Amino acid sequence: MIEFQNVTKQFPDGTFAVKDFSLVLPSHKVTVFVGSSGAGKTTLLRMINRMVNPTSGKVLIDGEDVAGLNPVALRRKIGYVLQATGLLPHRKIADNIASVPRLNGVPKSKAREEALILLDTVGLDRSLADRYPDQLSGGQQQRVGVARALASDPNILLMDEPFGAVDPIVRLELQDELNRLQGEISKTMVFVTHNIDEAFAIADQVVILRAGGEIAQVGSPAEILANPADDFVETFIGADKGKRTLHLQRREEDGVTLIVDAEGRPAGILGEDKG
Amino acid sequence: MSWLVDNFDLVARLTGNHAILSVIPIVLGFVIAVPLGWIANRSHSLRSWVIGGGSFLYTIPSLPLFVILPYILGTRITDERNIIVALTIYAVAMMVRTAADALAAVPADAVEASTSIGYSLWTRFWLVEFPLAGPVLLAGLRVVSASTIALVSVGAIIGSANLGYLFTNGKQRDFLEEILIGIGASFLIALVFDIAIVLLGRVLMPWNLRKSPASKSIRQNAVGVY
Amino acid sequence: MQFFLDAFRWLLDPANYVAGGISPLPIQDRIGEHLWYTFVSVAIASMIALPLGLFIGHTGRGRQFVISFTGMMRALPTLGLLMALFLIIGATVPFTQAAFVASIIALVILAIPSILAGGYAGVESVDPQTVDAGRAMGMTEMQILLRIEIPLSLPLIISGIRAAVLQVIATAVIASYISLGGLGTVISSGIGLNDNERILGGAILVIALALVVDGFLALLQRLVTRRGSKEARPQNIDFRRRSFGSAAVAEEPVNERKRHVQSKK
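Residue numbers (my numbering), protein chains in the order written: chain A, 1 to 275; chain D, 1001 to 1226; chain V, 2001 to 2265.
Keep in mind that a hint or two might mislead.
To be verified - Quick look at which bits of chain A chain V covers, simulated, 3 or more residues with Cβ under 8 Å:
| no. | stretch |
| --- | --- |
| 1 | 74-81 |
| 2 | 92-103 |
| 3 | 216-225 |
If you are wondering where the hints come from, they were derived from the structure by calculation, not from laboratory data. The structure displayed is predicted, hence computed values, not measured ones. The beta carbon of each residue, even a glycine, is placed where N, CA and C say it ideally should be.
Using the sequences and the hints given, assemble the complete structure.
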């Protein structure tokens, strides 16, 4: 469990990235911070592994204040995936994945063996192990980034817009993959994105943020869709434009039932009820 | 300082000649290097020839070049034209890479836009590529200017009457002050030239007064290592 | 052309390589001296300038110093520096050692700016995101420097050393005028004796030495230019990426991140 207690981050120039932020992130669940640029979501994420230190307030992991922990040791126990992948360009894929275990003193051959297994875990072919990062596609690099974050078997996984730089199709693929993976490994995940659809696709708990890290609404995707807290949330999730209000429409010519949005644009078709 | 007062005419004359010996290679080097840099960007193989040639020439140490040139040019060894030719070679060698990089860094969409509105190759170069490459070219020119002025003094070894004479003469007479005055005067020329180049840049490129961070970092790179 | 043929004949004459010849002969001894001076000065200069350059690159403190310092040093006349140091050192050190000590000091001073700038520019050219990733996975600042920044900046570090070596080889030639040994003595004795073979032969030797040493370092530079590290030559550091790439593509997020990185340090 990760807990933010009245956390504030003020930059030297006086602006607030986050102001008096309090929230509990449950264990083994995916919490997604979503908001536009400048909403402080990355700052919040980076406070968990002390890449940023709060100006005031506390961040607790399982009840322990991270401010009292050695940042280097803390970071080695927390997986971190970046948008830019942050893969070391001068190291092969297997060595990149093995980075943290190697820092922790795991012997080279063992670390490599584990790296190969992690390639399987994230759905990459083992033949990529001896390539360099720039020989991989963006989507593959992101998978390597995830594998690297998992290498030290951390309880917590921080993901900072990890799929922001890949094309939409690959992005959906990676989201599915992440859901599958989370089903297997069940980590406490904190995910940052500015894309509300992505947040709904992967989150157990969605945190919608306004500028300055102010919470607009917290809840499961269903709760937020059913009861948007205010106009801001409505606009943010697209409910105000009728994008989320769907109706059924039967086509006379072939009997298929279409699902259309408030403006009559088709959004899908009605399938058979499951179970 | 009394030495300087007594020998002011000599120092002034040497300084003047030093400045002339510097300014010719600096200007010639620029005029030759910019078109070469443009040519270097035409194709990959041209680039490696031009850039490779530049770094080859730059590798040649100065004194050996000063003494070899008379045999190639048919001049006397004490002829100052040797020094001018040698320093022009260095100026081109230093400048050509900067010129090629500066022209390559001109935003492709600016070039494309000007082509699409019907600029010829020639007008496009003068109205778009050259001015946009200007700040980096200017930075390169400043490097060339400082190095050239410093190198001129080596010519004193083969008898050229520039500030280097104060070094050789000061050493023979065991008179440190004379050498230090020579170094000071050489720095002074470099400073005046540098200010002149910067001012020239302001006059020719008034839009560049407020520098973008990107172009600033390029300029710093150009000034960084050679 | 005849001059050059004569010079090559002189260079190939075995008599000029017999041990115990009158200075500047035998030639191989002068080559050895020249290489020795170069090695000693560049080694000392590296010990001073590399740690400083890496420190400045890593912390970002003192960049302005490097830029102004290298700019100023470029305008320093090498001949004047040599002669001034010779007189200053000569006043305290016995005449037989004065040339060596003064020359090495001058050569070290001249080698420092390029090595300093190479180290600084090298570290600076490493993608801040890569450094950030290293920090996020729990590397200490020293590990970041040793495992990320130095390996990725090796091509630029070597390129700085290359520039320094060229400068030192060239200046060591001139140092024969303050009685230093090396290949400069071949040229200066040739000028003194009005001996064309020696002047040209010496000049050709120096040029060949500079090219060979520079070629060797270029090869080394290519060997360490691993995948992913930036293009090797100094003036090209990040050229295109900085001019359009990051400026155009990255707006808020990168700024945000940079601020984080700074606020952490």
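For this structure, which hints from the list above don't hold up?
Checked against the structure, the only hint that fails is number 3, while the rest are satisfied.
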